[in-house]
Amino acid sequence: MTRADLRLCCVSVPGQSPGPCRYRRVKMRTLVLLFLWLSLRTCRAPPGPGLCGPCQPDRCPLLRGCRAGLVPDSCGCCLECGNLEGQACDPGNRSVFYGLCGTGLRCQAGGGGEDEEEEECVCEEQEPVCGSDGRTYMNMCQLREAAFSTPELHTAGRGPCRTVPVIKVPPHSQVNGTGSSLIFLCEVFAFPMALVEWTKEGRDVVLPGDDPHISSRGGPLKFELSSWLQIEGAERGDSGTYRCTARNNLGTVWASAVLGVLGAGETGHLLSFMMSPPLYRHVSDFSSSLCMRTLL
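Residues -45 to -1, 1 to 251, numbered by mature numbering (1 follows the signal peptide of the UniProt record, and there is no 0), are exactly what the sequence shown covers, in order.
Errors might be hidden in some of the hints.
Said to hold, decoys possible - When the alpha-carbon atoms are kept at most 20 Å apart in a straight line, the in silico EDC-like pairs for lysine to aspartate or glutamate are as follows:
hint: 1; residue 1: Lys177; residue 2: Glu40
hint: 2; residue 1: Lys177; residue 2: Glu142
hint: 3; residue 1: Lys123; residue 2: Asp88
hint: 4; residue 1: Lys123; residue 2: Glu142
hint: 5; residue 1: Lys177; residue 2: Glu82
Since the hints were made in silico from the structure, they are not lab data.
Start from the sequences, fold in the hints, and give me the full structure.
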């Protein structure tokens, strides 16, 4: 076919089937797209035997922000970001779908109790460590992840940091009517473990004392203590300021909240008795200074 014939066959005539040149042009377009796709492919290929091809390290992607380090990709040619603690993962040494766990992590089935448990990355070192920033990290993996954004962070010692109690969740002020049930919550972190007590302003006795409609309970977590003060069938006389106090041999802290119990027909005073923010005070046994601040 001459060049003139090629030009003629590329002219479409209405009502007639396309000539051979149109098919040839479609085929050429497909080949061009296929060539572009092949040229844009990196050395990473879909997982599976015989699909990776030869490695081309110069086409490996530039990686940034890998907080759990680097791991091999599915073909073993390039590196990719390792999965973090708690993320889904592929068991074994090959990335298939979710990817491999990062430094210091292993892939194991979660404890969700489902029929088909999904594997997730779990830190190999589960003991808490004390960071050079004075914070307690529940394992080495959490410290490594934090050190990614704070390079100077390092391990100050094994085990949690020794610290005065820290009230992570202070009690919040509340207003309700007579006969209602009310609960104050106070969550404390400390090492050594802290003793948590409840008191009411104007009374020296530690609650609940001998009052049958007031009770307190708590449960230790790992270096944390959650304490509840419950008032059932609230009465007008229960109004006042309640204080959660936590102490260990390094110091004492407390946080307070206001309770307002309104009788029938007193709901109009609700706005004038709005909840004030909890007051938090730290009293160190080894310092004469007192620090007081208001939690917003």
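Evaluation of the provided hints:
Annotation: proposed proximity of lysine 177 to glutamate 40 holds, straight-line Cα distance about 18 Å (limit 20 Å). Taking the CA atoms of lysine 177 and glutamate 142, the gap is near 12 Å; set against the 20 Å cutoff, the hint holds. Between lysine 123 and aspartate 88 the CA atoms are separated by roughly 18 Å; this keeps the pair inside 20 Å, and the hint holds. Taking the CA atoms of lysine 123 and glutamate 142, the gap is near 6 Å; set against the 20 Å cutoff, the hint holds.
For a cut-off of 20 Å, the pair hint linking lysine 177 to glutamate 82 stands: about 11 Å separates their Cα positions.
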